[in-house]
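K.L.:
Below, each chain spelled out in residue letters.
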Amino acid sequence: MTMMKKLLTSAVASTLMVGGAQAEISGDTVKIGYLADMSGTYRDLAGPNGLAALNMAIKDFGGTVNGAKIEVVSADDRNSPDTSSSTVRRWVENDNVDLVAGMVASSVSIAVSKILEENDRLGIISGSAASSITNEHCTPNHIHYVYDTYPLANGTASAVVQEGGKSWYMLTADYAFGHALEGDVTRVVEASGGEVIGTVRHPFPTQDFSSFILQAQASGADVVGLANAGADTTNAITTASEFGLTQSGQTLAALLLFLTDVHALGAETAQGIQLTTGWYWDMNDEAREWSDRFMAETGVRPTMVHAGIYSSTIQYLNAVAATGSDDAQTVRQQMMDTPINDMFAKNGRIRVDGRMVHDMYLAEVKTPEASENEWDLYQILRTIPADEAYRPLSESKCKLVNN
Amino acid sequence: MNQSVNSADIHKAIVEQQALQDRRKMMLNGALLLLLLAAPFVLYPVFLMKILCFALFAVAFNLLFGFTGLLSFGHAAFLATGSYTTGFLLSNYSGLTTEVGILAGTLASTLLGMAFALLSIRRQGIYFAMVTLALAQLVFFFFVQSEFTGGEDGMHGIPRGELFGLINLEDNLNMYYFVLAVFIGCYLLVQRVVSSPYGQVLKSIKQNEARAVSLGYNVDRYKVLAFVISAALAGLAGSMKSVVFQLASLNDAHWHMSGEVILMTLVGGMGTLLGPVVGATFVVNVEYQLSQGPLRDWVDPILGGIFVLTVLAFRSGIVGEVQKFVKKNLG
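Those sequence lines, one after another, are chains A and B. The first sequence begins at 1 in full-length UniProt numbering and counts up by one. The second sequence begins at 1 in full-length UniProt numbering and counts up by one.
Read the hints as simulated data drawn from the structure, not as lab findings. Even glycine gets a Cβ: it sits at the ideal position worked out from N, Cα and C. Hints should not be assumed to be uniformly reliable.
[As the list claims (entries may be wrong)] Some but not every residue of chain A turned toward chain B, in silico, with C-beta under 8 Å:
{"#": "1", "residue": "S39"}
{"#": "2", "residue": "P81"}
{"#": "3", "residue": "N94"}
{"#": "4", "residue": "S106"}
{"#": "5", "residue": "A111"}
{"#": "6", "residue": "S132"}
{"#": "7", "residue": "Y175"}
{"#": "8", "residue": "M336"}
{"#": "9", "residue": "T338"}
Let the sequences and hints guide you as you build the complete structure.
P.N.:
Okay, structure coming up:
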């Protein structure tokens, strides 16, 4: 049966390849639209430097694909789904954009993916966290590349429990995202043999975390889990540091934290925090080599999102070159058939629901003494294998998965 | 004898001048209408619809701010209530035609406007602004917490459906002319309200509330009605926006949105009919153009700069300044 399936898939794939070879690149141009927050809260983790990563990928690829030009347009999503959806509608309806890349705020990504589905174009989402993007909101027209909340909860929580953090106290942002993350973390902690001894919910957004941090400290839990994101997380960490939370023997587990956030906080404030990341610039030679080039271009070290934008763009262009087509479904199929082995991921693969699964890493922020320079911030504690990290397809609610 | 001839002449001259002014106005409005009818063939229709929705939102806000002198800092709540209600109904009850969904959204924000007005109308100036802001934040909290809004992710894939079950709104042109018709209808309504005796009372309240009270007007009732009309139109703008974009998101409910509509009204010219429309067009365009170009890192500072410049140097806004110029040099 599996043999039969394999034969069938390869037959389908090869037909597609043949079809692809005959197909053409529309307008003799591959047009990529880069959409991200260029001016708001999420500017640092993707933003203008993400565009730099995209341009690096195109330059490294050679600037043309099968003789066709590669053009880039870009826009600020202003973290607003309406602005993004009108921009992307115009891109696909008037400007013939083939691929939309970037995308950070989950509301933006979901809005854009619906438009891409309507118009049958492709999107590669690199910045968003929400795992719903490839679950209930999955479409055959987008790929979620870098990370999502599932491994954040799964990876961080189970790893921290294994490292000895048995009792947890949760600090949760009081809205849907926080509740979902808290639920996931609680499930994972209990499944791995730990327990959640208390929870406090804070309004979204919050500036002053002192009362919440004091409660967490008083709880005596081994681990304080932060089920929040963005400015809330950094505010909570700053407050925790002022109260000496990690110095007094408790561990802070941040679920969503980017290298740029940690850099802004500094090793002094952020030391000892455990987090899950999809990629780290200093994790191997390939990553280092690429990061040096990125830094020469932009002046900063790349986040996992920047690396993901570079890697996914190269993958996309490879698929266009291999099939000779910029048709969304042909290219997506080719990308699904090709394992990803580059500076970003080893043996990464794109599943039918659009989720790119690859190894994730549990990292700890170094102490100021151990940190050699301003960007030497993480120590990788362990690798979370791809299959453990992401939501298995058997639990998927995606319409493309037959359950 | 002589005198009566004179006054008849004067009367005639006034009537003639008024007729001339009316003709000018008619010509201007006619030209604008032609422009709007032809626009989707030149410009991108979805973008034009965005401008129209925000223009309606600003017109609604201006009725309260520009003509009655009440600065509401919570109008985002009405926009969001309209868009979430319409979005929820159209997504979950496929039997509903689009106009029913839009009317339901408008009704919901009308009721919310009534509640806001009754709670806040006795306060004045900054206190009024703060009470409306506080109430709008409560509404924001409700939308963040509710399951049906999708929280941070927003509500997506709202079907545009068919108008009266006949006209397919999936087509951008059909959608555009529908939005345009609603917009023009509301604009004429506001024009009618402002020039009616009721509108005169509103203006008198703005100029001198104590005098309006001493003349025997029940000022609070006039203000409540103005607030409710404004909330209803803002809700209608939100409802249409959710159908145009097929999504409703927290941005609509965020206090930034309440701030943006103030910016639109001030830049365009508060207290003029056309001002908010020009202001909305201007702000949406500036945002769009800047976000595409090399200055995109600077969208917010530039908009802030425009706001400061308007408040300091051009208090009557674009339309107000043009009117002044015309009166001075051509009148």
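K.L.:
Return the status of the interface hint for A/N94: holds when the least beta-carbon distance to chain B is below 8 Å, violated otherwise.
P.N.:
holds, 6 Å
K.L.:
Hold the hint about A/M336 up to the distance rule: shortest CB distance to chain B must be less than 8 Å.
P.N.:
violated, 24 Å
K.L.:
Measuring from the C-beta of A/T338 to each C-beta in chain B, is the shortest one below 8 Å?
P.N.:
violated, 30 Å
K.L.:
Would the hint on A/S106 be counted as holding, given a Cβ-Cβ threshold of 8 Å to chain B?
P.N.:
holds, 5 Å
K.L.:
Holds or violated: is the Cβ of A/Y175 closer than 8 Å to a Cβ in chain B?
P.N.:
holds, 5 Å
K.L.:
Holds or violated: is the Cβ of A/P81 closer than 8 Å to a Cβ in chain B?
P.N.:
holds, 4 Å
K.L.:
Is the interface hint satisfied for A/A111? The criterion is a beta-carbon contact with chain B at less than 8 Å.
P.N.:
holds, 5 Å
K.L.:
Taking 8 Å as the limit, does the beta-carbon of A/S132 come near enough to a beta-carbon in chain B?
P.N.:
holds, 7 Å
K.L.:
Would the stated hint for A/S39 survive a check requiring a Cβ distance to chain B of less than 8 Å?
P.N.:
holds, 5 Å
Hint compliance for this structure: hints 8, 9 are not met, and every other hint is.
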